[in-house]
Each structure stands twice: as C-alpha cells, then as structure tokens.
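Q: One-letter residues, chain by chain:
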Amino acid sequence: MLNTMKTDYSYTPSRLDPMQSQLLRAEVEAFHAEYCAVLDSGNVETWPEFFTDDALYRITARENADLGLPVGLVYAEGRDMMHDRAVAIARTQMFAPRYTLHMVSNVRLIDDSDGVITAEANFLLLQTLVEGPSTVHLAGRYYDNFVRQEGKLLLQERQVIYDTTILANDLVYPV
Amino acid sequence: MYQSQSVLGQTRGSKNKTLADCSWPEAGLDAIPDWVYTSRDVYDREMERIFHGDTWNFVALEAEIPNPGDYKRSFVGDTPVIVSRADDGSLHVFENRCAHRGAEFCRHSQGNTREFVCPYHQWSYDLKGNLQGVPFKRGVNKEGGMPRDFRNEDHGLRKLNVTAYNGVIFASYSDKVEPIEQYLTPEILEDFHVIFPGKPLKILGYYRNELPCNWKMYHENLKDPYHATLLHSFLVVFGLLVAGNKSMMLSDSVHGRHGIMGSAKSDDLYANINPETKKEMRSFHDGLRLRDERFLEFIKEFDSPWSVTMQTIWPNLIVQREMNTLGVRHIIPNGPDSLIMQWTMFGYADDTEEMTRHRLRQGNLMGPSGFLGLEDNEAMKFVQEGVRRSSTDLNVIKLDAGRVGTSSSLISEASIRAMYQYYRSVMGF
Chain U
251 MLNTMKTDYS
261 YTPSRLDPMQ
271 SQLLRAEVEA
281 FHAEYCAVLD
291 SGNVETWPEF
301 FTDDALYRIT
311 ARENADLGLP
321 VGLVYAEGRD
331 MMHDRAVAIA
341 RTQMFAPRYT
351 LHMVSNVRLI
361 DDSDGVITAE
371 ANFLLLQTLV
381 EGPSTVHLAG
391 RYYDNFVRQE
401 GKLLLQERQV
411 IYDTTILAND
421 LVYPV
Chain G
3 MYQSQSVLGQ
13 TRGSKNKTLA
23 DCSWPEAGLD
33 AIPDWVYTSR
43 DVYDREMERI
53 FHGDTWNFVA
63 LEAEIPNPGD
73 YKRSFVGDTP
83 VIVSRADDGS
93 LHVFENRCAH
103 RGAEFCRHSQ
113 GNTREFVCPY
123 HQWSYDLKGN
133 LQGVPFKRGV
143 NKEGGMPRDF
153 RNEDHGLRKL
163 NVTAYNGVIF
173 ASYSDKVEPI
183 EQYLTPEILE
193 DFHVIFPGKP
203 LKILGYYRNE
213 LPCNWKMYHE
223 NLKDPYHATL
233 LHSFLVVFGL
243 LVAGNKSMML
253 SDSVHGRHGI
263 MGSAKSDDLY
273 ANINPETKKE
283 MRSFHDGLRL
293 RDERFLEFIK
303 EFDSPWSVTM
313 QTIWPNLIVQ
323 REMNTLGVRH
333 IIPNGPDSLI
343 MQWTMFGYAD
353 DTEEMTRHRL
363 RQGNLMGPSG
373 FLGLEDNEAM
383 KFVQEGVRRS
393 STDLNVIKLD
403 AGRVGTSSSL
413 ISEASIRAMY
423 QYYRSVMGF
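Quick mapping for you: the protein sequence lines, in order, are chains U and G.
Counting from 251, one number per residue, gives the positions in the first sequence under the working numbering.
Counting from 3, one number per residue, gives the positions in the second sequence under the working numbering.
The following block holds chain G by itself, in its conformation from the complex (with noise of 0.2 Å):
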C-alpha cells in the first residue's frame, strides 16, 4: 500500500496552490510554506525545471553494469529510464518508452541483451537507443506499411546526456549543464573522492521503499543536523554522533543546493556525555551497551577527518558514508506526497571477506529497517501527515539565524536556507 497506509490520505485544497497562489511569506529564508511539499503544480513545475533542467541526476553506479550488453532500469525525476552499455564500452540513457506507441518496454530491473525489443509490435532498439527494426516495414502483399520517407533515425528512443564520473553514473536532459566536475563544486567534489576514488565498486545489494513524504524533506533532513542528535537516540548512546562533536554542515559555496553533513567519531566506543547536554535531550538511554561491539568498530579506511559524511547531491542523490557502511540513494519522486527510494549498498572490489561481513553488519544502522533510517522514514512520514491535513501552514526555519550556507554548529537550519534560496531562484519563487 502506497503513499499512506492510513484511512485519510488527504491533502487539503488550501495546500494544493495553483502556481498564481504560490507566494512566499514574508519570513522570507526564515520561512517553508507548507505549499512546497503538497501542491502539484509545484511538483509539476519541479519535474520541468530541477529534474529535467539544468541538473545531472544520478541514474547508477558503473559497477552495476560493468558489460557491454548489461543495463539497468532507472528514473530521471519521475521519469523511466534506461541505462545501458554499448558493445564499445559507452554509457546511453534514455527514456523507457517506445517511440511507437508509448510502452514502458524495459520490465526487468537490470540484466544483458544484445537489443531491446518492445513485446507490443516488436520495435527493436540497439544499446544506443536507435531504432533497429520495424515489423513489416514495407507492409504485406505490397499493402501497407510506413509510408516510403519513414526513416528509423528519426524515430529512436528518447536519449539524454550522460557522463561518468569514477563509477557513478549521472544523467541530464539539459545541454547546457555543466561538466560534472563542476557541477558538483570543489568541497562536494573532494569528499566525493573519499568514497569513489576510483577503484572498483563491489555491489552488496539493494533496498527499496516507498516514503509518504514529499522528495524534499529527504535533502532537508540531511541539511538538519539538529535533528540528528534528538531523534537518533541511538546514535548519542553509542557516541556516533553527540551534539558538540566534532562535526560541520556544510552547502556547497556556489549555489548552496549540494551538502555535506560530517561528523567525526570519538575515539571511546561510547560517548561521553556531559550533564547539561544531556538534558537537553529527551530520547537519551543513560547506560546502554552493546552485546556484540563489532557492530560499532570503526575501520579507519579513508583519508578524511570525518567518520561519518551524508552527501546530498542535487537533486536526487544521497551518498552515504556511515563509518564503514557505504551507499547511495536515490531519490525518485512519485508526486508530491511520496517519493521510492532505492538503496545500492556497496564495498570495494578489494575488500575482504572480514570486511564485507563487517560492512553487511553495520548496514543494521540504514535502510528501511535501519537504526537510524527507519526514524528518519517515520518522522518525514508524520511532517508530511501533518503539512496535508492541517489549517496553519508556515515551517519556522530559526535556528542559527541569519545565517546561510555552512555551518559549524549542529543547532543549525543555515543549510536548509541555503537549498531553498537556491530553490526559490530555480522555481521563480
């Protein structure tokens, strides 16, 4: 069951504006109205001009389809997609649609062929995305058939832009978007060597879900370093993440739409917490140990002063590094109140039996049933209940106020306001 699993999966005509409604409050950065995360248009308007705009969208990890032949399904904002490699090695993308009569042709997640063939009247399409073959092309008995000035480039499958970069794959409908080097700014881009450098991806698996909320409270919630030590218990009992760790939010300095939320582990197994931090926190577990501390080991495998780095990538993809777990998400929007999240954990091609057990052990804390991903899935769930169906409609956006972009406070929303003045300028808002 989708986008609910409750008998009132409204959303009130007021938080459904038409665009002409759409104006900001006068709290200005201060401010989120509720209209962002629950009117179509805006959604509508989001597909058109952040997905299909001036964007690369993360669409798979080469690892994935290491041969030529191999592809797999993906989406581009809400759109199906296809990602292949050619026999030349070269990455394609394009739309999961026949350019006959509109079929979803592709049904299976990921797998090799030499072509693909639409099941409705057998259109055939090479790697690339060109059409191959047309069934009776030149009719029967001389009768039928396209008409002589039909040619088959013309009618291939709708074909993006695609680049690469060490193993991830990213795909645009824009040609005026920027190399992907630039696009994802130099502090993104140095952290983003941490975890890809290179060297080849071992794929561990996959999770998928669908969350009832809308796609951008999953960038908000990862701009939000204040809820991490509030909602997380677990995370404070275990010392992974205390408010006055070393930590740092940071939005990238060109536009301020990727972030980084960092934070470096102490090297106790457990935190030490002082007393009058820990009455600031209501989900505190005083004593709390583990049975089994292998789960908590940090392998120090990088070079990087940080333990644990959440990367938000406009517009659609999170890469995780939560000490030794490592993954991407990403996000596919499926209308404003829901959006399926695909999870690809991976390890390193060189990685040890050890630790490959090591990282499946530690992926408890993420995912659907994670420690830590299964808060974060109920409580953007409750925000977007609560934004559907209520009279009042303002988001207050406070805390280090003034402030936008980086921060080196937890107690912090200057990364939230740094994504949403970016917003405002893309959405005309």
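Only chain U is shown next, with the shape it has when bound in the complex (with noise of 0.2 Å):
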C-alpha cells in the first residue's frame, strides 16, 4: 500500500468540467457534511463506515508531506485499524471532554477517471475543551480518493495533511 500511496501535494489543476461534474459536486458535499456530522456528533465508532475494506487513511503534517515523509499522526491501512482506533478512543482512552466541529470548504474536484474520483477540500478543525475557548485546533487540506460502491461513494484513500505545525496537546479523534 506504501508505494501507492499519495506522495505529490502539489497543486494540481481540475481536469472536470465545472459545469458538467456539478452532481457530483453535490455529491461529494455531502459526503464531507455527512462525515463531519458523524465526527462531530462524537459517533467516531461510526466513522469507519465511510472508507472502502482496504482504504488508507492518514493524518500527517504538511511538513511531511513537503519532504516525502511517510509517517503518520495516524496511520490506519484498512477499515479494519480505523475501526480499532476508533474503539480505543471511544472505549479505553483518558482525556478531557471535548467538542469538535469541523468547517470544510473550497471542494476542489480533480478528476474522475476509472472509477476513482479524485478531490480536495480545506478544512478547520475546532476544539472547545470544557473550561476553555474555542480554538482552531487545526487547519489544513483533505486530499481525497473516492470509489463508488452499490452507489456510494467510499473513500479509498484520505490524506489529511495539516498546516498546524506545532499542535496543541494533542489529537483525539480522527479528521
């Protein structure tokens, strides 16, 4: 899986037609509002359910990601990781109580070609601790491959790959 996963963040220019790929547009926005609904709803058990059997999912600093670096905040190869990630957090993890809400915006769509949909999206993560302000815990871009499977899209492969240089404490929940 390492030597097909995604290692150019450059810019890359869209290869669809603004005006013909508009359904799939709406598409993808609400798989992100989906999505984030979930995480933010604190269903994280639930979050699995939108990757495909052996997706690939990581969360890394752009730093990283510039050099070529293949480490991961978190790094899941398969739903079957994701969904134990996610049961540790939701099961046997200590930390604060937490709010996140996520802001996804400026939905790029690449290209759709042999069944792969290829898009991005920036997205804000904020955290409101109990006792605290609320902060942008988090700021970076979604780079995104999705499969569509019985008429779904499914992500196959998510990069979450984050401006925020220095994080604050730490990262709970998945992105």
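Among these hints, one or two may not hold up.
[As the list claims (entries may be wrong)] Below are the DSS-like pairs computed for lysine-lysine, each with C-alpha atoms no more than 30 Å apart in a straight line: (1) G/K204 - U/K256; (2) U/K256 - G/K201; (3) G/K144 - G/K204.
[As the list claims (entries may be wrong)] Footprint (simulated), chain G over chain U, 3 or more residues, beta carbon under 8 Å: (4) 262–274; (5) 306–314; (6) 325–331; (7) 337–350.
These are computed hints drawn from the structure, not numbers from a lab.
From the three backbone atoms N, C-alpha and C, an ideal C-beta is built for every residue, glycine too.
Now that you have both chains on their own, put them together as the hints suggest.
A: Rendered as structure tokens:
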C-alpha cells in the first residue's frame, strides 16, 4: 500500500468541467457534511463506515508531506485498523471531554477516471475543551480518492495534511 | 493556542516563588514541592545550570543532515540553534542569532545552503558559524563603515561544543562536560547501542506538539512505571505491559539523572491477567480484541531482553523503542508551564518496504495521537493545571520508600527520587 500512497501534494489543476460535474460536486459535498456530522456528534465508531475495506487513512503535518516522509500522526491501513482506533478512543482512552466542529470548504474535484474520483477540500477543525475557549485546533486540506460501491461514495484514500505545525497538546479524534 | 486552551491559565503568586523562598520540604526525597514546576526563577536557573551547564543536549540525528551544506534548526534548552554540516563533513552547532543585531535569521526548519545570510543587513556566515561578509564594511565614498579594527573573526556566531555518537548529535555550552560515552554512563550506553548500533537510519517523519506542562514532568512520567499500568489501559488490555510482567526501572548508577523504563512482552498476543491484579486496575477492559492484529506484532530485531525501552537522557532527550516503532523526542522547555516536543520517527536504511509499513502501523501507539502518547499528554496537562492553581503544594513520592535509583518493581517511585536527588545538587536546593 505504501508504494501507492499519494506522495505529491503540489497544485494539480482540475481536469473536470465545472458545469458538467455539478452533480458529482453536490455528492462529494454531501459526503463531507455527513462525515463531519458523524465526527462532530461524537459517533467515532461509525467513522470507519465512510471508507472502503482496504482504504488508507493518514493524518500528517504538511512538513512531512513536503519532505515526502511517510509517517502518520494517525496511520491506518484498512478499515479494520480504523475500527480498532475508533474503539480504543471511544472505550479505553483517557482524555478531557471536548467538542469538535469541522468546517469544510473549497471543495475541488480534480479528476474522475477509472472509477476513482480525486478531490481536495480545505478544513478547519475547531476544538472546545470544557472550561476553555473554542480554538482552531487544526487547519489543513483533505486529499481524497473516492470510489463508488453499491451506488455510494466511499473513501479509498484520505490524506489529512495539516498546516498547524505545532499541535496543541494532542489530537484525540479522527479528522 | 498555547499553554492552555484554558481560560484560567494563571499561576498563583504563592507558586511563583523567588529563589530565596524556595526551600525544599522536610520530607526530602519523599516529596516534590509544586514550585519546581511553577516558579519562573527556578526555570531561569534551570536554563543556566542545566541546559547551559555541564550537560550534553540532543540537537539532531546525523541522518537529517547527511550532506555538506545540510542544516537543521534546533534548540538547546529554550535557546534556538542551528546544526550544520560543513564541506569537510564536520558538524557545527551555533546560536540562531545574528552577531550584529540579534535577528533569529534562519527561518527554515531544515535545508541545504552554502552560507547563512541574515536578511536584515545581510551579514553572512559560513557553515561553521564564522562571519564571512559585512556589506559596506568600508563604507561608501570613504564615509561610514566599520572601524579599522573591526575583525570578522571577533564577530562570529556563538558556537557550542558538538559531539556525535553513533548518528546522534549533541551540543553543549560547557567546556568541562565529560565525553559523551562517559556522560551516558555504562547502563544507558548499553541500551543506546541497541537502537543506535551505528548503522544508517531512515527518517520516517516528524510530530511536533506543545505540552502545557513543566519539562521535568516528561522525565518523571518515564521514570514512573506505576502510571503505565494504570493510566494506559491500552497497554494492559493488549498485554504490552502488565504489573507482574518482566520489567525494569533503571536509574544510571553515576548520577541518577538518566533512566530506562523497560519491559518484556509475553509471547502471547494478549495478556493473561490474574484476578487479583485486575481488580486493582479500574481502567481494565476485559475482552477487547483487535480486528487488525498486525499492529501488535513484535518483530524481534534487537539483541535485547526488552521489547520496550524508554530512555530518559538528561536533560532533553527521550529515546523510544516501543517494540518496532522507534523515535527520539526532543524536549524544548518553553517557560515553566510549557514544553515543545519534537518527535523524530525513524527506521533503518536497510528496512524492507514491509518493515517500514510495520513501523508506521505501530506508530499509532506513540505521538500526540498515539494510544499511549495522548493519555500522557492529557495527564501531564492535568498535573500542571493542578499545581498552578491549587492552594496545597506537595507531591507525594513514597512508593517503594527508602529506595533511590533502580528498582525491579513497577510499583515504585525510586527513579524519580534519584532524579531529584541529582537535580537538587545541581540547583542548590
């Protein structure tokens, strides 16, 4: 899987006509909204359902992406690893209670070929700790590959590349 | 947002003591007063006597700057430095402060260059930190310029002593610190050789986070095997560390400032925990099993009885060998209430593709989103908030009472006592 992991995060012009891809755009935007709604409502154990069985999920700093380094703050090969992480967070981990709120914008459809839809979107992750202010916890971009299974879009690869060089303490939930 | 993510990010005045008011409690090594974590004066003395004192401070791995002209920004204590490799292959560490007007001139975290040029007035320095050029040194039209007696060699960057050992680079402000092999002490050196045998490393990437706690807490947390089986239910559930496992908490026998927390995973994938042990652990979750068990596989690649060792190398380095996920953590103190942690994760240059992937998968244990890492970060934040705002002011360090240094029991604070015995001698408390 590593040899197929996305390694180039430079600007890629869209190869799709914006008017002709309106429906697809609506579908991708709806996907983001559902994905974020699941995370922001605290249903972390539902989160793996947005991925294919063999999906790759990585959260990493832009520094690593730029240097071509493979490490992940979170690195999951396959939905089973995501499931294990979700269960660990929901049932075993100790951390202060918090709310998260994802804002996703600038959705870009890059390509739609061979059954794979390549897309990008910017995100802001706001975090609110008990007794604390709401802060911009993470700012970055999703680099996504979607495939369609039984009529539904699923992520085959999601690279969460964040600009927030120095993370405030930790990152508990998936992004 | 730093230090807090909290609205009430205040330290009580009584916790921010002046040095004259810092007297160690009568309980001696069985107690730690809160002011070691909260006093600005204490922090300033630590920078001077510890980080700028007779210590070797981790600054980089050689694998990060393999070629002439390669450099990396780093820190000694909270002082910004640059680590560079000159054309002759030699390593250099100097402060990231222009000798002219003090600008922190190097702004890229790493790169390759022929020279360092301060953007403000374009004073330039070579890869060894020597001043090369001063624009308009002789003025213009015979007016202005530097005085005749200005010599470039008197105005280089502030240079530190540098040493490298099996690919790990350390720097020191001290001219009388012992050689690195001696500094590390025999027990630590032996385990250091396990992870750093001298073969080339492959950098896998970086994590950086701010931890809103005093820098010493990070050392203490890794000299505190008691917490490991209580806080980290993940370790317990999956048998990585259980009270009763073969384990050690070693303090170096020379000063007690360095340590190794080590444990040996049993051959079973999951732990067998006896009922008596289980009832002591509130966080225990019976019957949890992974869907993807590759994550827990331990590939025996080292000649060591320990599957896990966490080295605390005074004053700013943690060497992590958690089964097959390897890394160094660089502690950068950031005032009494905060530290910046820079994690460099690595494997070896001769790793197979599959081994690299295995290290990445197992990397989910560590770092600011790791199953162990994030709990430590949360717990230490809680402690710092507690010691800053409370009216009481003592930490109780009585487990395994009377012992100072290495202990064979996990239910022990003997290593923390050893560290503070040394700390007090350096700090004059």
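Q: Under the constraints set out in the numbered hints, which ones does this structure not fulfil?
A: 3, 4
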